[in-house]
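Novice: Given chain P, work out where chain X should sit, using these hints.
Number of protein chains: 2
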Amino acid sequence: MPAKSLPFAQSEYDARIARTRAEMLARNLDAIIVSDPSNMGWLTGYDGWSFYVHQCVVLPMQGNPLCFVRAQDANGAVRTVWMPDEDVHGYDEKLVQNLPLHPMQELVAVLDDREIASGTIGVEMDNYWYSAQAHAELVKGLTSVTLADCTGLVNWQRAIKSDTEIEYMKIAGQIVTRMHENIRELIEPGMKKNEMVAEILRSGCLGVEGHGGDYPAIVPLLPSGADASAPHLTWNDEPFKSGEATFFEIAGCYRRYQCPTSRTIFLGKPPQKFLDVEKAVIEGIDAGLEKAKPGNQCQEIAEAFCTILERQTGIVKESRCGYPIGISYPPDWGERTMSLRPGDETVLEPGMTFHFIPAVWQDDWGMEITESFVVTEDGAETLSSVPRELFVK
Amino acid sequence: MPAKSLPFAQSEYDARIARTRAEMLARNLDAIIVSDPSNMGWLTGYDGWSFYVHQCVVLPMQGNPLCFVRAQDANGAVRTVWMPDEDVHGYDEKLVQNLPLHPMQELVAVLDDREIASGTIGVEMDNYWYSAQAHAELVKGLTSVTLADCTGLVNWQRAIKSDTEIEYMKIAGQIVTRMHENIRELIEPGMKKNEMVAEILRSGCLGVEGHGGDYPAIVPLLPSGADASAPHLTWNDEPFKSGEATFFEIAGCYRRYQCPTSRTIFLGKPPQKFLDVEKAVIEGIDAGLEKAKPGNQCQEIAEAFCTILERQTGIVKESRCGYPIGISYPPDWGERTMSLRPGDETVLEPGMTFHFIPAVWQDDWGMEITESFVVTEDGAETLSSVPRELFVK
Chain P
2 MPAKSLPFAQ SEYDARIART RAEMLARNLD AIIVSDPSNM GWLTGYDGWS FYVHQCVVLP
62 MQGNPLCFVR AQDANGAVRT VWMPDEDVHG YDEKLVQNLP LHPMQELVAV LDDREIASGT
122 IGVEMDNYWY SAQAHAELVK GLTSVTLADC TGLVNWQRAI KSDTEIEYMK IAGQIVTRMH
182 ENIRELIEPG MKKNEMVAEI LRSGCLGVEG HGGDYPAIVP LLPSGADASA PHLTWNDEPF
242 KSGEATFFEI AGCYRRYQCP TSRTIFLGKP PQKFLDVEKA VIEGIDAGLE KAKPGNQCQE
302 IAEAFCTILE RQTGIVKESR CGYPIGISYP PDWGERTMSL RPGDETVLEP GMTFHFIPAV
362 WQDDWGMEIT ESFVVTEDGA ETLSSVPREL FVK
Chain X
2 MPAKSLPFAQ SEYDARIART RAEMLARNLD AIIVSDPSNM GWLTGYDGWS FYVHQCVVLP
62 MQGNPLCFVR AQDANGAVRT VWMPDEDVHG YDEKLVQNLP LHPMQELVAV LDDREIASGT
122 IGVEMDNYWY SAQAHAELVK GLTSVTLADC TGLVNWQRAI KSDTEIEYMK IAGQIVTRMH
182 ENIRELIEPG MKKNEMVAEI LRSGCLGVEG HGGDYPAIVP LLPSGADASA PHLTWNDEPF
242 KSGEATFFEI AGCYRRYQCP TSRTIFLGKP PQKFLDVEKA VIEGIDAGLE KAKPGNQCQE
302 IAEAFCTILE RQTGIVKESR CGYPIGISYP PDWGERTMSL RPGDETVLEP GMTFHFIPAV
362 WQDDWGMEIT ESFVVTEDGA ETLSSVPREL FVK
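The listed protein sequences derive, respectively, from chains P and X.
The first sequence: position 151 = 152 (this note's numbering), numbered continuously.
The second sequence: position 225 = 226 (this note's numbering), numbered continuously.
By construction, these hints were calculated from the structure, which means they are not laboratory data.
Only true hints are included.
Not the full set, but computed from the structure, chain X residues with beta-carbon under 7 Å of chain P:
| hint | residue |
| --- | --- |
| 1 | 203 |
| 2 | 319 |
| 3 | 332 |
Here are the simulated lysine-lysine pairs, DSS-like style, with alpha carbons at most 25 Å apart:
| hint | chain 1 | residue 1 | chain 2 | residue 2 |
| --- | --- | --- | --- | --- |
| 4 | P | 95 | X | 292 |
| 5 | X | 95 | P | 318 |
| 6 | X | 318 | P | 95 |
| 7 | X | 274 | X | 318 |
Note that the coordinates shown come from a computational prediction; the quantities given were computed from them, not determined experimentally.
The beta-carbon is built from N, C-alpha and C at its ideal position, and this holds for glycine as well.
Isolated chain P (complex conformation):
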């Protein structure tokens, strides 16, 4: 077995398992089957781009978790998880993308062997990576088991970050700060968007002194002009144009921990509506961050922002204003638990980390100025340090 270089101390993995089991106990679950790669990595350290085939971590109430991956990925699991080799199971290659054969058929046998195939087992019903067919196979195969929904169970345990996790996210914050510096320096009318993305990806990977960058869970999003009315367009090889705004929604990433930060750049002289919205957004962010204190609720951050935006610009924001962040794999750097939106009464606690993204997408333009922050005893501390403004060049 190779020397391992795990990103966290064993005590941290132990604490994560204990926290997760406490919630399993509260829900009367005898085991959980975790398909989300972020949850798998958080519990065991497993790290590899193998989530395009079925895989999971099985956590019973006693003993080590089991990492269940494709046979050819077992070596990668052995090299990245904290458990001994016998807790990695590589399933038969012939089950890969070969219906009606299915990897979950082998999982059923493995759970039997390990005497986990009884009682109530939680599955992440609404997670990508846990397909309808995977569920159908387990329902069919686990005849002595009651399957229960545990969507988000592990995600919720990730909400409060450890010191090491926050340290990694601050490094990711330094990386995204550097990325935005490069964008500001390089952007000009006529530069092609794919050329800009080339530089963004390069600086994200180079990282900052002593800390190489990892891959963010989402590629750079940088729509310009009317395309900025849509939040999730990527890029093409058209040039940036004078008289247009472009927002750059990007993240730094360090050891799978992400710090997203968006900024908008206007090439030329921005119309008054941009300046008005900029002013409202910045004041709204200040007001929202002011509410990001232990004891307050998620919705208070959103309400503080939306009140100012609507009062100053008449714009009513319908989508949420943010979500928790931390360890992530594609396709999303959000944790899918809390949301910064009206109705979310989750109480903020020190160590929670969010991407506060009070973006404004209008019919034919858009503006994103966002902040990632950690809740501390004293309030919000931002994780990156990009000048909070509509940048005009």
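Specialist: Just chain X, lined up with the frame of chain P:
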């Protein structure tokens, strides 16, 4: 509505829809619900990084497809699909990651409104993006519908590429050729892996003259030494070392069409086992490509390769030797239909495109020399032109 810049002519989308409907008819399906972003894009043109929330394309037997996305993504859909705006439905933001609310609840209502909620509707049961919960919601809501599995139905229609698709894949092939040239030029002992990835991503995005690069569906994989025993490890900030081999599994991408190509580089003097395997792999690839002719079967390519590998090196390859490629979104650039492996009797036809990846992963080392190719009337034509060798530096 903005001027659209679709990657294909309307006649090509029409042909795709017709081909898909012929198969739907053969299976007695009245409609299909397509959750795979590659299938969604292939049918409608939809292009955006929004697959981290539920979305789909609904294709009935008559009329236009419906693009069902989150409200904030409706602008992006309107800007990228070939259908008129009324065929884009943006669902309520409050359904996003807010269980027990679920986007499929609104889809049920939309299908009712459009009078599609009857008969037999196909769903992609074993696709990431079609979660167990999404299926449970449809089962609950579509009370007058029989849901049938249509996993792979659209994927199979994608198997034979059009001339334009092949043109895009050849551009992607030029891009990956350029990327490998850069790697060979830059690699040396002491260079950090994240620095190399920075240059790989940069050259992939810069593309080739006149053609900017798009994002591949998988990030660069470049394990070294014993880590190369595992196919899906990504990178860290450790340096390349003399006396170690690293394989680079990367792809060029143009307008979402991918051309993966892997090569292995040995820094220093390779041990004899590397040279022996190199020789067997190259001869095996030649033999496999020789079999890649219309009328032959997928398994013949794998068998030709494996016979030579085993005879020359004693290594028995257990994982498959390749898969079809084309349009793709993360997490996979494979099409998940055919496989180049024993038992796959699919007959090859002109216009089919594959990544032939007869990789050798041993206990403490690995080698990848791969080729992407298109089947022509005259046999296989490779899509990239990277020297086929173990590169020694």
